[in-house]
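All chains should be built: construct the whole structure from the sequences, respecting the hints.
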Amino acid sequence: MAEIDMEMWQDFVVEARENLEEFEPNVLLLEQQPDDMALLNDCFRNMHSIKGAANYMGLKAIATLAHRMESLFHAVRSGELTLSQQGFDLLFLCVDRMKTLVRDVEENQQENHDVSDLISSLEELLQAESSNEDGDHAAEQVSASAMERSVDEAETLSPPVVQEIDEDQELLAIFREEMKSLFGQLQTAMDGDDRDLQAALDLLRDMERVTNYVGQQELSRFFAECAERVEQADSASGGENVLQPDKLLTEISERLSAGLEMAFLYDPQQVQEGTALISEEDPELYQIFLDFFSQEGRSLSLIPANPDMNWVKNSREAAERLQVSANYMDYEPVVAILQEWMDLADQCLEQDDVSVDEVERFHQIWNRLVEVLPDLKGLFSETAPGEASDENLAVPDGVMDEGDPISKDPESLGALIEDEIEGLFQDMTPGSAEGLHEKDVEIGETGAGAGENQADEVDTAIEAMFSGVSGDEPLEVDQHVHAQEQEEPALEVQKTAEPASASTLVEKDSAIDMESQVFEAEPSNAAEDFLMRQMDEHLSGGGEAFQEPHSRGGSASKGELIKVDLSKVESLLGDVGELVVLRSSLAQASDELKGIYNRWLEERLLGIGELRPLKEVLLRFSENAAALERVVQQLQDGIMRIRMLPVSTIFNRYPRLVRDLSRKLGKEVELNLYGAETSLDKQVIEQLADPMQHIVRNAVDHGIEDPATRTARGKAATGRLVISSAQEGNSVVITVSDDGKGLDRSAILKKAVEMGLMRHAEAQSLSDSQVWNLIFLPGMTTASTVSDVSGRGVGLDVVKSNIERIGGTISVSSQPGKGTIFVLRIPLTLAIIKGLVVRVGHQAMVIPVASVKETFKLDEKEICEIEGYEIISIRQQTLPLIRLNKVFRGTGASEQGDKLFAVRVSQGSDEVCLGVDELIGQQEVVIKPLSDYLTQQPGFSGATILGDGSIALILDLRAMLEKARKFVQKKQKIMEQEALGLAPGEQITLH
Amino acid sequence: MRVLIVDDSSFMRKRIAGAVERAGHQVVGQARDGQEGIEMYRSLKPDMVIMDVTMRGMDGIEAVRNIRQVDGEARVVFMSLVSDERIQQEAMKLGALAWLGKDEHGRLIDLLNNTGAR
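First to last, the protein sequences are chains A and B.
The first sequence runs 0 to 990 under numbering that gives the first Met the number 0.
The second sequence runs 0 to 117 under numbering that gives the first Met the number 0.
No wet-lab data here; the hints were simulated from the structure.
Here the structure is a predicted model, which is why all the values come from computation and not from measurement.
Where a beta carbon is used, it is the ideal one built from N, C-alpha and C, also for glycine.
Since no wrong hints were added, every one of them can be taken at face value.
Chain B is faced by these chain A residues, among others (derived, beta-carbon under 10 Å):
(1) Glu6
(2) Met7
(3) Glu14
(4) Asn40
(5) Asp41
(6) Phe43
(7) Arg44
(8) His47
(9) Asn54
(10) Ser180
(11) Ile287
Straight-line Cα separation of at most 20 Å, EDC-like style, residue types lysine to aspartate or glutamate; simulated pairs:
(12) Lys59(A) <-> Glu103(B)
(13) Lys92(B) <-> Asp245(A)
(14) Lys681(A) <-> Glu20(A)
(15) Lys614(A) <-> Asp590(A)
(16) Lys13(B) <-> Asp4(A)
(17) Lys13(B) <-> Glu6(A)
(18) Lys833(A) <-> Asp636(A)
(19) Lys13(B) <-> Glu17(A)
So this is what it looks like as structure tokens:
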């Protein structure tokens, strides 16, 4: 065991986490698609990987647990075990425990939790299932080699879906695999110097048993015979010579091919006499032979309608060369057939003519050759004589014809060599549409890997196949349009990490469909209008959001990652902030220098000759300042990108969360995630996690009804929850929509009246959107039952304030009985904002541009005073005016004058005008956090350094508007009191 | 000796690379799966390939089969925890020099030290 250092622990933790992060969503998917071989393989590999590393580190608990889980997946893959829901529950428990253990390791470099309970449960599960089996050797030994093998092959092995003879097929597949494996072992046992006759004997007995088990009595007897022969040879001295192992093996292989073929004879479509005579146990050699054939045998495959003597001569030569290699390979039937070809060719050459009859005979001979070597068909088929070249060998055929593995790109044959042997049997296995689909993807991968131009061709071909659904923009838009009317089947969270594929688009459609349901009815007011617009944007312009649905954990394209301490990035960002400031002051200095130069020039303080060097320097200076600006901008962007994380970091938790919740609540919920790759600043993401979780919980707990209720209301029993995210300018829009019961207007209003927020009559006059927004107020929980899922303590008010703390907004819209949609608008980053720089007295302040609605010059005359409060009217709207120099008294007195500027800002539903002395301009500012003692004084969220080196404070609009809101409420109260003839209440001062 | 490591676990790659480099050999490339392994083999022509078996996408056995097509002389050592003898036999049939466990660095280094560069 190598020495273990800190770095190794870290590596272990990182990789174990990666594997678990990939594993958990895959298990979730597996619960939906238990037969998905690719998923099973991935799960298996994740555990295998963790086991390996844990063993290396001497972490017994993790290693044991991973090992057992690996075995479990092994058993599932081989069809010995079917996972029940309890089985999945157990798997999730195991995942959780393993996570805990990994955390132990991270913190203490040791394992502090026991796994024996889980181990015994896993063992029980494994044993319970295997005892259901006949206990037959065949079932236990199933194709372990194939199990360890690649995804591709396992997919090939998996029985085709939905066939009447499904079970038989499955059994036969297992049987064939088993026989193949046993035969392979037998070869090894009989091979050359270290021949182990005892092992061979055991293997033959196994084969006898297995064949007997599947009802192949004749074969079984044959193996019994073979076993006897080996037994005799073993006991007799020098008996090995009697045995003639080569002869025995040949005999077995022949009988086996024949016997296995027989197994399919009941399927009339599959009857093909005399096929597959060649059984080659050495795939590499077979491959070489096929390659050779593809080079040499072309003239044989392309029989012209009116062959000339040249062709006859060429084909004869080719046949001769092929015969030599076939002879070397001991492919006797091939040798014989090629001989016939040569004889026929000789005959033609002799008579210097090829009759129609003879052409027909050439065809017959070729067909027999293909019968014996079915793989030839794929090598040459569909290739017209004119375009015969080694580069485009039947690639399109490979895409279309999934039944024949060899018809694929010849370059990648090596990769498919296992299929090759299978090919012996495979022609008999009916394909299915699904198989086709999987194959295509497979070809794409292998083809691309070969790095040849075939890869492109294959890709193109695949694209062509999918072109009906995916493709360019207009097509996509088209899809969206149709999505409104057509009911697409619901799909789960993306099944595999395929390239843009049919299923991707189908999912898009489902999501859109769902959203269009929510908005089926006409929007009745501005807020919903706004939401509608947003959704429209999503559907048309913001297509990005739906481009890539949440892909399976850990996509294949994942690059190498390094782990960096966030504080290092932060400090780097700080430095860049300084650099931005320096750059600005450099630009300013450059301008000033230019001013000086111009003055000197104008005032003729120096002559033009004397000024020339200065001018040159100036030019260089300003050029470099401009270049610096560019670089600094890039640097800043780059560093910001480092801090960016995909929202999948939090989205990834939801499949599990939703599963556990719906299990607990007895609901059926399907979760669709979109735009999980959208990036957000790490800091923002962290702040977003809790509010989002709350909304998701709410949706499952209160939104989506239980299956019975849903059915009664004429909805699908399974509820849908769609979470999507997309970038829009400087913010990210996240929507959470469910097709549940929607918000209850009357319940919300009742509660609001109860709480004394408003009077009954007032409540009735509220628009829907105003009602929906009430749920964000403290104390507004309308849930009639307290559940341990959503609880009752924390309301949406906390969610709202958390979202607003990170500069975001949240809004909600709902259609009773149809569903609810929450829309969150989150700034990309907290570190840099676009700000409007204003001057208040002598102090520069920054107002986040995102909140600025408009700016305008304001005449003192336009300001009305009502009870000491200033208000202004803009386009029939009355807004409070808050003069910042009055709010922040330390800024110094405003210049005397009758002009001031107003900045109309909004946050959520609040809107006010801020009075400032001057509008300086708009710029991106890097936010520097304020020291603690400053943040105790609310009103500012941070500070920044402006280009001239002066410090500007960044306004905290939320706090600002909070004050304004109270102000308005008070004012309303006062007005009411006035109306009642009471004395005006106390005045509030904004300080 | 110029060594190419093919393993889907970065943890394992690092460990193996560390051991190889400490023994004074050069790790010329590290691939994450069979396909990448083949490509890197083509471009790097290493003296030795250290190959994992269970990997995403193309597995080690397939990769070696492909590599052998590119270069019949390719030298390969499997490092894997797969305990299935049939797979091990299959691997050895492909002409691998050895089948080692994931933590058998000692044997790996012995092998590297005693195999001449090409």
